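Q: Note that the UniProt record's numbering has the sequence shown beginning at 1, numbered continuously upward.
Treat the hints with caution; some may be incorrect.
Unchecked claim - Only pairs whose alpha carbons sit at most 30 angstroms apart, straight line, appear in this in silico BS3-like list of lysine-lysine:
#, residue 1, residue 2
1, 65, 93
2, 94, 65
3, 69, 113
4, 69, 102
5, 93, 79
6, 94, 79
7, 57, 93
8, 93, 70
9, 113, 95
10, 69, 104
11, 70, 37
12, 57, 94
13, 72, 94
14, 57, 79
These are computed hints drawn from the structure, not numbers from a lab.
These numbers come from a predicted model, not from an experiment.
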Amino acid sequence: MQRDTVIRFCILSNDILGEESPMVVDTIERELTPSTKIRLGRFTTITDENDIHLNSKVVSRRHAKVYVKKNKLLIMDTKSNFGTYVNGVRLAKKKQASLPRKLKSGDIVRIGKDFHGGVKENQRGVLMRIEIDPPASTAMMMTP
1 MQRDTVIRFC ILSNDILGEE SPMVVDTIER ELTPSTKIRL GRFTTITDEN DIHLNSKVVS
61 RRHAKVYVKK NKLLIMDTKS NFGTYVNGVR LAKKKQASLP RKLKSGDIVR IGKDFHGGVK
121 ENQRGVLMRI EIDPPASTAM MMTP
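From just these sequences and the hints, can you work out the full model?
A: Structure follows, in structure tokens:
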């Protein structure tokens with residue numbers, strides 16, 4: 001029996017500009033099958049158990065989505081205002097959907113960009129490191 005892909009979003013501290021190795025402050029784990037997706041966004045009352053809610057004003061309600069397709073873990077920006085970044089590269093222009101971008105373990109994803117220097121905690125982008133445990137049958141296909 002094949003198990004689902006397990007993805008961990010390791011939320012990193014975003015307190016000090018230029019931190020060389022930010023500290024993990026929270027870990028959110030989800031299981032993905034080819035038929036499910038994870039939506040990343042600001043808290044709303046309409047939820048799905050796979051959704052991940054981020055408490056920041058620079059995160060759109062439906063900011064990005066993560067899903068599996070052809071044994072690849074993909075992320076897309078879904079027309080956000082403040083952007084989705086993978087390893088420092090913005091996926092799309094403001095309010096434009098991006099093309100899917102492959103994710104691998106160790107990638108750093110930023111949801112939103114700091115507003116007014118990120119002085120207030122709820123005006124900071126959310127920084128996270130991706131960790132993937134692929135299904136046993138596809139482990140070789142999903143490693144970098």
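Q: Are the hints correct? Go through all of them and say.
A: Hints, one by one, checked against the model:
no. : hint       : in the structure
1   : 65 <-> 93  : holds, 16 angstroms
2   : 94 <-> 65  : holds, 16 angstroms
3   : 69 <-> 113 : holds, 28 angstroms
4   : 69 <-> 102 : holds, 10 angstroms
5   : 93 <-> 79  : holds, 8 angstroms
6   : 94 <-> 79  : holds, 7 angstroms
7   : 57 <-> 93  : holds, 18 angstroms
8   : 93 <-> 70  : holds, 26 angstroms
9   : 113 <-> 95 : holds, 14 angstroms
10  : 69 <-> 104 : holds, 13 angstroms
11  : 70 <-> 37  : holds, 14 angstroms
12  : 57 <-> 94  : holds, 15 angstroms
13  : 72 <-> 94  : holds, 26 angstroms
14  : 57 <-> 79  : holds, 15 angstroms
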